[in-house]
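Chemist: If you want the building blocks of each chain, they are given just below.
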Amino acid sequence: MTRIFVPLVIIAMVMFAFAPLVVASAPLEQTMGLVQKIFYFHVPSAMLLFVSAFVCGIASAIFLFRRSAAADRVALAAGELVVLFGLIVLVTGPIWARKAWGVWWEWDARLTSSLLLWMIFVAYLMVRRFGGPGSEKLAGAMALFGMANVPFVYVSVNYWRTLHPKTSVVMTLAPGMRGPFWFSVAAFTILYLLLLTLRKRLEDRQAMVEQLYLAVEE
Amino acid sequence: MEYDFDRLVVDDVSRHFGRRRALTRVSLTCGAGTILGLLGPNGAGKSTLLAILSTLLAPTSGHVRYGTFDARSAGPGLRGRLGLLGHDLYLYPELTARENLEFFARLYGLVHPRERVDRALAHAGLADRADDAVSGFSRGMRQRLALERALLHGPRLLLLDEPFTGLDDASGHALVSRLRGLRDEGAIVIAATHDLDLAEGLLDEVAILREGRLLAVPRASGPLRERYRETLLAATPTAAAPSAREERAR
Amino acid sequence: MKQFLRVAWVVMRKDLTVEMRSREIVYTTVFFAASCVLVFAFALVREGRPLEDASAGILWIAIAFAGTLALGRTFERERHTETLRALMLAPSDRPAIYLGKLLGVLVLMAIVEAVLVPMIGLLFHAPVFARPLWLAALLAAGTLGFASVGTLFAAMLVRARSRDVLLPVLLYPITIPVIIAGVRGTAAIFQATPDEPMARFWTALLVFFDVVFVTLSLWTFEPLMTE
Chain A
32 MTRIFVPLVI
42 IAMVMFAFAP
52 LVVASAPLEQ
62 TMGLVQKIFY
72 FHVPSAMLLF
82 VSAFVCGIAS
92 AIFLFRRSAA
102 ADRVALAAGE
112 LVVLFGLIVL
122 VTGPIWARKA
132 WGVWWEWDAR
142 LTSSLLLWMI
152 FVAYLMVRRF
162 GGPGSEKLAG
172 AMALFGMANV
182 PFVYVSVNYW
192 RTLHPKTSVV
202 MTLAPGMRGP
212 FWFSVAAFTI
222 LYLLLLTLRK
232 RLEDRQAMVE
242 QLYLAVEE
Chain B
107 MEYDFDRLVV
117 DDVSRHFGRR
127 RALTRVSLTC
137 GAGTILGLLG
147 PNGAGKSTLL
157 AILSTLLAPT
167 SGHVRYGTFD
177 ARSAGPGLRG
187 RLGLLGHDLY
197 LYPELTAREN
207 LEFFARLYGL
217 VHPRERVDRA
227 LAHAGLADRA
237 DDAVSGFSRG
247 MRQRLALERA
257 LLHGPRLLLL
267 DEPFTGLDDA
277 SGHALVSRLR
287 GLRDEGAIVI
297 AATHDLDLAE
307 GLLDEVAILR
317 EGRLLAVPRA
327 SGPLRERYRE
337 TLLAATPTAA
347 APSAREERAR
Chain C
427 MKQFLRVAWV
437 VMRKDLTVEM
447 RSREIVYTTV
457 FFAASCVLVF
467 AFALVREGRP
477 LEDASAGILW
487 IAIAFAGTLA
497 LGRTFERERH
507 TETLRALMLA
517 PSDRPAIYLG
527 KLLGVLVLMA
537 IVEAVLVPMI
547 GLLFHAPVFA
557 RPLWLAALLA
567 AGTLGFASVG
577 TLFAAMLVRA
587 RSRDVLLPVL
597 LYPITIPVII
607 AGVRGTAAIF
617 QATPDEPMAR
627 FWTALLVFFD
637 VVFVTLSLWT
647 FEPLMTE
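Chains as they are written, first to last, in our numbering: chain A, 32 to 249; chain B, 107 to 356; chain C, 427 to 653.
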């Protein structure tokens, strides 16, 4: 990861610099017009939200069962990114919803599931922060359970919704939109990897400092 | 009896909590039929060491070996050979003395729990209070009961954290002779204590901890109190530590 | 296996014996649940008529709140006397201790629900005896799901800071599928014509949840509780 880090940063910068052009070049959607373009931010963020939740869950499992401190650092980085990308999703979602359906919030299955997942990982961060010593393990269990919960959350929220008016969320991708869409996904994914690496490195340094403190007294 | 052992080896054990070093490179060995005293000022790491020896805590580095069994790889059965009497007595105040002991007997899967419990109650001198709730007991009574609870399953290694607290003179001496009896039966007894007078005639070996390190104990004979004070004043780390530092400097 | 179940049984019996001496948790939890119901009743009942489906929702909210309280109190007891350490010292598989504690909590919750259900039936005119078996199945599966995660987290929180507030903070997001399933299943039964296929669907989901999360809890109990 270290060797391709700098090239990736450059690629990401270039992609984000070009992004407005790419997004602007995408065809305008009939019903929603310009606001629909928020989709190019919203969906990649949602995808990475779920990916990060799984990364955090798996890293936590490795931490719990293999006692790997490095895995715990990855889990922390991934957990923070869940919250970050979740924020993007939960802000862009209502903006779009307002334009599309006229209300800021609809109990749409996907949006609600994302909200729930987001809250689970906010709780994850809270435990790490306020739980006192030894809270990494408890947070790890939380992340693992959160990850295991994803299918249940989705199913229950989906069927819970059937009693509400059905609203369609994902429109079919018109051909012209596919290019910009996957461009956004790629750009966001690179960004995600960069942030994850950076954050993990920060934690690694922190752990090194702790080790040095301990070694001093020997 | 599976998991039995005749030697306890603590090998270069360290434990830290975040930045705080609780134990630094402690090594000691103990054979069967020994009473080892863990002495040291408050905060020296005695309770931490006892927790590690009871497998409740894992060391951050180093090993603990019970005979041929390593603490980390041995299964739950190993715990059946260990007994711990902690600071907090691990008794349920709402239950009677008999119920407390019977619970632990059943938990440990002991055969003939009733007889064992009766014997334990007799040892503790609580046979007449057996059916009273523990919440009504004095500290000394609870201590005696807790000790019997720790001994119920006949452990090979008995770990005691401040066992003389709250005991009156008679009970203290009774405990001393009880521990001697256990030692004669081949148990390894490790007791952390501040009560140097009672420990005087009891201890076969002494380990003095300070700030997580094991200090060298002068072999000279003499009252325990004297040796203890001398050691703390001298406060040199054990011979092992300086060479370790030299090794790393190389 | 036999030893595992024996240890769980011994732990559960001990918990129930301790509780029966003072009955403190039982009384306070039942009363708390009843107060919850009343609070929600006043909030959600208008002109003497409750909102549709309110009874199902109120029942499960009361169970969730009361359950959290009971879990906290049960483990507070173990913390107070440090007896959790003594349990961890036993030469048995540690998940057996988790199972014993879970069973104790389930018995406690069953008592609470035995009071809550008639109360809901009375205050909200809910047809609690329309399909008693389905209702019992939903309650059993839902309570198990809630308690399985709750027992694990409460045990782990015994040594943490801010444990009182952290338990609900952790428990509620994870158990929301249980609440959804419980409420919708119960509402399906409370309808004028009970919707059995719906109830079956939600019960199945709950059972699935139980299997996954009890297994996960048994699996993670030991690594979580050892330092």
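You may find that some hints are simply not true.
[As the list claims (entries may be wrong)] Reference listing, derived: stretches of chain C covered by chain B, where coverage requires no fewer than 3 residues with Cβ under 8 Å from a Cβ of chain B: (1) 432 to 444; (2) 634 to 641.
[To be verified] In silico SDA-like cross-links for lysine to any residue, where the CA-CA straight-line distance does not exceed 20 Å: (3) A:K68 <-> A:W127; (4) A:K68 <-> A:L245; (5) C:K428 <-> B:G181; (6) A:K130 <-> A:T33; (7) C:K428 <-> B:H218; (8) C:K428 <-> B:P182; (9) A:K231 <-> A:K130; (10) A:K231 <-> A:V74; (11) C:K428 <-> B:G183; (12) C:K428 <-> B:E108; (13) C:K428 <-> C:R557; (14) C:K428 <-> B:G124; (15) A:K68 <-> A:Y190; (16) A:K68 <-> A:V40; (17) A:K231 <-> B:E108; (18) A:K231 <-> A:W127; (19) A:K68 <-> A:T33; (20) A:K231 <-> A:P38; (21) A:K231 <-> A:V40; (22) C:K428 <-> C:T619; (23) A:K68 <-> A:F85.
Worth flagging that the hints you see were computed from the coordinates, not collected in a lab.
Just so it is clear, CB atoms sit at the ideal spot from N, CA and C, and this is done for glycine as well.
Chemist: Each hint: holds or not?
Modeler: To see whether the hints hold, each was checked on the structure:
1. Counting residues of the segment 432 to 444 of chain C whose CB lies closer than 8 Å to any CB of chain B gives 7, which reaches the minimum of 3, so the coverage claim holds.
2. A count of 0 residues in the segment 634 to 641 of chain C with a Cβ less than 8 Å from any Cβ of chain B is obtained; the coverage claim is therefore unmet, three being the minimum.
3. Distance hint between K68 of chain A and W127 of chain A is fulfilled; the C-alpha atoms sit about 9 Å from each other, no more than 20 Å.
4. Using a Cα cut-off of 20 Å, the hinted pair K68 of chain A and L245 of chain A is violated, with the two alpha carbons roughly 52 Å apart.
5. For the hint pairing K428 of chain C with G181 of chain B, the CA-to-CA distance comes to about 17 Å; that is within 20 Å, so the pair holds.
6. The suggested pairing of K130 of chain A with T33 of chain A is violated, with an alpha-carbon distance near 43 Å, which exceeds 20 Å.
7. Only pairs whose Cα atoms come within 20 Å are accepted, and K428 of chain C paired with H218 of chain B is accepted, the gap being roughly 18 Å.
8. Simply put, K428 of chain C and P182 of chain B have alpha-carbon atoms about 15 Å apart, close enough for the 20 Å limit, and the pair holds.
9. Simply put, K231 of chain A and K130 of chain A have alpha-carbon atoms about 38 Å apart, too far for the 20 Å limit, and the pair is violated.
10. Restraint check for K231 of chain A and V74 of chain A: not satisfied, since their Cα atoms lie roughly 25 Å apart, outside the 20 Å limit.
11. Only pairs whose Cα atoms come within 20 Å are accepted, and K428 of chain C paired with G183 of chain B is accepted, the gap being roughly 15 Å.
12. Restraint check: the Cα-Cα separation between K428 of chain C and E108 of chain B comes to about 19 Å, which is no more than 20 Å; the hinted pair holds.
13. The suggested pairing of K428 of chain C with R557 of chain C is violated, with an alpha-carbon distance near 36 Å, which exceeds 20 Å.
14. Pair hint K428 of chain C plus G124 of chain B does not hold up; C-alpha atoms about 40 Å apart against a cutoff of 20 Å.
15. Pair hint K68 of chain A plus Y190 of chain A does not hold up; C-alpha atoms about 29 Å apart against a cutoff of 20 Å.
16. Between K68 of chain A and V40 of chain A the alpha-carbon distance is near 25 Å, which puts this suggested pair outside the 20 Å criterion.
17. Under the criterion of a C-alpha separation no larger than 20 Å, the hint pairing K231 of chain A with E108 of chain B is inconsistent with the structure, at around 45 Å.
18. Restraint check: the Cα-Cα separation between K231 of chain A and W127 of chain A comes to about 33 Å, which exceeds 20 Å; the hinted pair is violated.
19. The suggested pairing of K68 of chain A with T33 of chain A is violated, with an alpha-carbon distance near 34 Å, which exceeds 20 Å.
20. For the hint linking K231 of chain A to P38 of chain A, the alpha-carbon distance of about 19 Å falls within 20 Å, and the restraint holds.
21. Proposed proximity of K231 of chain A and V40 of chain A is supported: the alpha carbons are some 16 Å apart, at most 20 Å.
22. Distance hint between K428 of chain C and T619 of chain C is unfulfilled; the C-alpha atoms sit about 45 Å from each other, more than 20 Å.
23. With a CA separation close to 27 Å, the supplied pair K68 of chain A and F85 of chain A exceeds the 20 Å bound.
Checked against the numbered hints above, the structure violates hints 2, 4, 6, 9, 10, 13, 14, 15, 16, 17, 18, 19, 22 and 23; every other hint is satisfied.
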